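A.B. asks: Here is what each chain is made of, one letter per residue.
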Amino acid sequence: MTTTPSTTSKAVPDEQFDDLTQQRQAVLMGMWIFLATELMLFGGIFTAFTVYRFAYPDVFAEAATHLDLKLGTLNTVLLVTSSLFMALAERAVNAERRRLTLTFLLVTISIGVIFLGIKGYEWHHEYTEKLMPILGLEFIYPGANPDRAEMFFNFYYVLTGLHAVHMSMGLVMLTVLVVFTMRWRDPPRLGRQIQINGLYWAFVDVVWVFIFTTQYLLRA
Amino acid sequence: MSEAAANQASESYLSSGWRIRDWLLTTDHKRVAWLYTISITAFFFLGGLAALVIRLELMTPDGDVVSADAYNQLFTIHGVVMVWFFLIPSIPNTLGNFLLPLMVGAKDLAFPKLNLISWYIYTVGGLFTIAAVITSGVDTGWTFYTPYSTQFADRAVVAALTGVFVVGFSSIATGINFIVTTHKMRAPGLTWFRLPLFVWANYATSLVMVLATPVLSATLILLILERMMGIGIFDPALGGDPILFQHLFWFYSHPAVYIMILPGMGVVSELITCFSRKTVFGYHGMALSILAISVFGFLVWGHHMFVSGQSLYAGLMFSLFSFFVALPSAIKTFNWTATLYKGKLIFSAVMIYALSFVGLFTIGGFTGIFLASLAVDVHVHDTYFVVAHFHYIMVGSMVTAYIGGLHFWWPKMTGRMYPELWAKVAALALFIGFNLTFFPQYLMGYAGMPRRYQTYPEDFQILHVMSSLGAGVLAIGYLLPLVYLLWSLRWGKRAPPNPWRAAGLEWRTDSPPPKHNFLEPQTVTGPPYDYDTIDNK
Amino acid sequence: MNDEVAPYLPEVEKGLHLIPTQATEHAGQVDHLYFALVGASAIILLMVVGLIAFFGFRYRAGNKTANRSNLPSTRTENRVEIAVLAAMLTVFMGFFAWATTLYLDGYRGPEPAMTIDVVGKQWMWKIQHPDGTREINALHVPVDEVIQLRVTSQDVIHSFFVPAFRIKRDVVPGTEKTAWFRATEPGEYRLFCAEYCGSFHSRMLGKVVVMDRGDYQAWLTRQGSGRTLATAGKQLFEAHGCSGCHMGKSSVRAPSLDGIYGRSVALQSGEVILADEAYIRDSILQPDKHVAAGYEPIMPSFAGQLTEEEILRIVAYIKSLQPGDWVKASVNGNEGESQ
Amino acid sequence: MKDVRAPILAWGAYLVVLGASVAATLLAPGLMGHIFSLLCAAILASLILMFFMGLRAADNLLRVFALAGLMWLTIMVSLTMMDYISRDINECPNAQADDVAINTQECPLDSARSSDKS
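Residue numbers (the UniProt record's numbering), protein chains in the order written: chain F, 1 to 220; chain R, 1 to 537; chain V, 1 to 339; chain W, 1 to 118.
Hints listed in this document are in silico derivations from the structure and should not be mistaken for laboratory results. These numbers were taken from a predicted model, which means no experiment stands behind them. Certain hints may be false.
[Said to hold, decoys possible] Sample of chain V residues lacking proximity to chain R, with all beta carbon distances greater than 10 angstroms (derived): (1) E111; (2) D131; (3) R213; (4) F237; (5) A266; (6) Y279; (7) D282; (8) Q305.
[As the list claims (entries may be wrong)] Listed below are several chain R residues computed to face chain V (Cβ distance under 8 angstroms; list not exhaustive): (9) A68; (10) A330; (11) L340; (12) K344; (13) I369; (14) L371; (15) T533.
By construction, the Cβ of each residue, glycine as well, lies at the ideal position given by its N, Cα and C atoms.
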């Protein structure tokens, strides 16, 4: 939203704003509203999931046991750790510590990439187990009611897939921030940008908490 | 300040810079508003053209103008274009974009670049859908009901869905922009209960856009995945439930109706107060009822599904809520009427538009009560009664408000006056044409004529012919303003800053306004619509 | 109207009825509610328009004599608003109660005398009576009996809509819904599909025939006698050599006929036609008229070789065939399920 | 660099709650375990919202918007579930597309009829 590099390091608000406080509040508010829309986006899919979770409780609980709980838990830990480093990066940039900011951002990105790697490994594993009922792939389910279990896996792929898309977008934005941090032109502005992106990154984490809980933990 | 600098600052937003990039890369909300106006007008006439062919086809009971598939594609084009590319963005993105910053005394919207991007998203998404629909055809209707859309309609459904999905982001961007602008960028002294009702209406609309549109996006994602990748969430063959699609779809699409009508209510409130020369009756009630509609609008989506097979209790609940949501609308209608009481009424073209709105909205609103009544809805559901009802709201009311508003703020937007006499003719043509088109549809709806029928039993022909003739008159009512408004751009009289002696910050600046809207910061000291003070000055 | 559906259009109920025929008691009750709603809205609309007209005249800008002093205070405005709100709330809740009661009456009917199965399919209605009698796009029912319909769909969502009964029920694949009615007037009434279902949505029409109980029994018997007719038809079918081509292990030369009745058949010409009695009859007498897609027009006409009665028997036989009655393997090519 | 204690502590608390949630799933599967896990999810989400997203220090307006999303999500889920809880999703469990193929010997609905609620 506010990606134009400012020409001076002196803090000047964008032309539509009266002062920096107003700008900061406006941007923050805009981001929170955007996150509310993201919540509703995932919420639509969670609503559908809830409907079927109630309709086929046993089948879904059984199907969940076919996911890899260890890797899922590991990923949850990784993601919250990356959120922690993101939060630390925000504090580092506010303290005008360039190297520290850079380090924290890079750690955040690395953990994010590892997360996606593990997720990809999980998908691959499920693919080899023939538990991937998409694109006309063979679906061989070793339990009762394969039709309804297929529904569980449908949701699993939609939710984790959409989440992975959001992660990837977050990673792209974080990479841009790394470039900005290396340039270190306007630290207060960079601080705002890191704060906004940190909100997004943490939100993706919140979504993951619910994906993890509903997909991995509600098992028989 | 030197004279040259002063001149430059006070130069109108229209006169500075006419290179292509000055328009296509502008971040000025007023220019973006124009970009939107142009796209929206194009889409409106495209959708209208489809409607005219449909009405032509329905002149006779047989399918003799177009083939059955072509007919289905036509009403799909009409629905998709009118709902997503015209009605939803219409007032917020044209008048709202232009006026919201002016009305709150801001230099621009909070995120001008986002505003420009939203236009690109909208236009690209819209053109993409149109291209898909025209080259390969989509015949699902604008509702995309499963399983027809996922398994049986063998055309460019995915492309159309993608286009609609993309356009959703433009709605969201606009919504965020408006909400933040209203919250954070009001002029000193402009408290919430001093805001013009137009701002209230756009604020409420934005809330609905922001909270409802993502659900549509989620639904469309599921639909696209189901169609492309075989992820069958709604597929009955996999134990899925097609009704779930309807729940998710209408969770967006019913509030979307309020996205369409609320801004119209805001516009009409402005017009009626100005030409009654007095403040609106029950300002607080008006503002709160706008908010109430936007919240209650989220609780009633199930009334689209009374015969679909949702549970009995869900039906009862949604019916009850649907009656509730009619209450604030009833208050508003009453207040508009009461605003006339002891006013000094001037029957300009704008006022005729506004009063047409009140009449048409009353009819459309009350037939909404018919549809909220379970037993009656079972009979008229999916018949022309419903078609007539929502056209009374969305075309009769909303488009009338839009065109009325366009006239009212035309001098502000362009610096030119439109020809008053022609405007009156157009307003009357619109009112008469509209009623002639859609009133017969109520009658044939109760008589049992289902909607989306290309051929029909001969008994209904007389009503269909009336309706088609009305559509012709209506077309004139829409084309006339297009002609004389364009004419006025060049030959219209120059407009003074405040030709209507109207209240509101937007009238304090020049017509057309300078780039940053106001030459000096504005403050507000009194309530809105203080026409007593203006007239007695 | 399209030729294909013309035979199914009801004979009666011609001419425009703004209020459709009231063929059930429920229809009359719905109409009462409708009239009340129309009345209430007319009153409100007249009030709004009347006030606008009255104020418009009285307080027009040119009228200097109008008394414009003593505008209502905010407090008065609030009171008036609340009064309007309360009045509307009362009216609305009245209508809600009325409409809901009526709906509940119509939702769960009395104990049904019979249950008829209805299956929607692009673009026809298939109906099966309790005794197994089947019909297409027509529903014969006895008068004054509580008829329960059990509706489902084979493909997309349709909606079973009989205006004269004021009933409508969406027909959703994968679910089974019920609707009921008790027709009070013998006659023929329109049956529409009210939920958009694809290309020929507007031709998915039918009729409901309400008959006196005796007539209904007679009708059922006539349909039932189809079984003995069919047995005779089978002998004719074999005697005239039809089975040679149509029943062969690999039906290369001619389409297999089991289960053809009531199906959509793709024709060589690219059209799709409903295999009803008329179609089967035409195919016997004028085989070149509708050639099934993928086959040569080699079948000879049997016009003049068969008596009308013999044709009826053969038609009855073909109608009685179910898919798989013949060798499963021979069912190919001619499936012709449209879409 | 100030106030790094709070996010690190929050992170620690997160890991503890997460551990409890996973343990509950493994040790006490079934309804109680599920409810516990969902409660844990709510706590985990709140921890992130409060400490990593700064909602603890944010002004009320932001909290309202954060809550508004949640509120509307609740509306969507509860009203939709209201429909599903009060009807049987499996009204015709066997009436899947294949079974409903017309032209079968019996009425397509017979199979559904025989399998439940006769």
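A.B. asks: Going back to the hint list, which numbers does this structure go against?
C.D. replies: 14 and 15
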